[in-house]
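Given the sequences, and given the hints that come with them, work out the whole structure.
Each chain, letter by letter, is given below.
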Amino acid sequence: MPDLKKIGQAVYGWVNERLDLDPVIEHARAKTVPVHKHTFWYYWGGISLCLFLVQVVTGILLMIYYRPGPDAYASVREITYEIHFGWLIRSLHAWSANLMVAAVLVHMFSVFFMKAYQKPREFGWWTGLGLLALCMVFGFSGYLLPMDELSFFATKVGLSIPGIIPGVEPIISKIVRAGPEVNEFTLQRFFTLHVVVLPLLFIPLLAFHLFLIQKHGNALPPAERLKPAAGRKTIPFFPNFMLKDLAVWLIAINVLALLAAFYPWQLGPQADPIKPAPIGIHPEWYFMSQFELLKVVGRFLPGVSGEVAGIGLFTIGMVLWALVPLFDLETTGGRRGRAITYFGLFMLAGLVALTIFGYFDLK
Amino acid sequence: MNNPESISEPVPPLTRRAFVKAGMTVAGAAYAAALGYPLYRYLATPAERAALLAAVKEVALDGADKLPRHAALMFKFAGRPAILLHHDDDTWTALSAVCTHLGCTVQFDPEHNAIRCACHGGIYDARTGANVSGPPPKPLMAFKVQALTGKVVISRA
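Quick mapping for you: the protein sequence lines, in order, are chains A and B. If you count by my numbering, then the first sequence holds residues 1 to 363, one letter each, in order. If you count by my numbering, then the second sequence holds residues 1 to 157, one letter each, in order.
All the pointers check out, no bait thrown in.
Calculated cross-link-like contacts (lysine-lysine; reagent style DSSO-like; alpha-carbon spacing at most 27 Å): (1) Lys-21/B x Lys-244/A; (2) Lys-66/B x Lys-76/B; (3) Lys-295/A x Lys-275/A; (4) Lys-244/A x Lys-227/A; (5) Lys-31/A x Lys-233/A; (6) Lys-6/A x Lys-21/B; (7) Lys-215/A x Lys-119/A; (8) Lys-21/B x Lys-5/A; (9) Lys-275/A x Lys-156/A.
I should point out that these hints are in silico values taken from the structure, not numbers from a laboratory. Keep in mind that this is a model prediction, so the values were computed, not measured.
Laid out in structure tokens, this is it:
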């Protein structure tokens, strides 16, 4: 039997001579991950990445049978009911999308509370928020693709919300919706967005985000930063943390597989613009809080002014959220640092409360 | 332990490492199979459907009995192209329309009363499907034809 180790070394030597891999290996070897009582939260970025990879694979598989255009509903029907395991692939894609948004949100809040956005990691925070925004657009555009009743009306309502702002409706109608109603041109645009434009934006941004993590390493939460360097514990990234990371990925994929297998994603009746909207129609959970915020503000300020105020309030919140690295500069806590933690708790509580309230408010 | 009289080979103890390794291999293989099987079936569905269709034994062409003499009609038999010919003496022929050379679809040439393939100029006899000239290595597969009133029934010979 040939000595595999020797062959491997020879191949590595050949490549290394040309691409100079040694410094990369050296960097990976020297990389460590801090160990403390909040280490658990370091896994959530990796879980998001894992679920994104599932999205890529299942998305490609769905494209093999999905046909945008007038056949869209029929093709999703075929995938769900006729193609072997098509229901499973579709369920995996839908469930993984939802779990990914959830994992990204957990990741974002954990970064916020660990103050991991502070210098030099501001770009990590901003690229992360950009990725989250793209995830939401991925979710919104993907939701329309089956062209069943729910997806049709959810898109209809979703597109009409920003249209409330004076002057925006004609732009949405002409550029996004391609007409006064959601139609097959909307579908074709959303499809193009979902499978071409968004991946083209998402993948380089993700690559930059991951590069930054390699460059800066994991951030320490404030309490750990106060400890003397000698008192901090770490483990090597390779192989120790990576193996743990893979174990967590395995758990994530198993949870996903169980959800997809036991709660397969449903397909409603075909979209029919003439039919009234089904009772209890509501946005996906990750749009629920924004939707509910509009409703709540609308109760105090009826009419268009309420809607505009709601959108304005939401926008201000998002801008403050994005700019937090610029006004939370103290690295060791202090009064302002604490105030910002309370701001994060307020946002988290608001998000959860509005989401839950939104579901109660459906009746 | 150091008994010189013991002849039997000592059984190597199952180390923890070997046990874990074997377990991981089995679990990994099971995982790969659990992912691979649905993927394979998912991709193979259209081909499986085509194979199911290929099991068709008989096709009835409604109204094909009205086909004029010295004319041909293209139809599908088990998902693949086939050709029905009505000859001058009121006899019928049905042949596979897949050229035996490289799989192009052949056509009836009424001028020469032959079947020809446009791709590489293969020519077949219109009555028997025998390869007459050009590159085709084999005759076209012939079907059994029954011309009835109102329809023509074609079945595997």
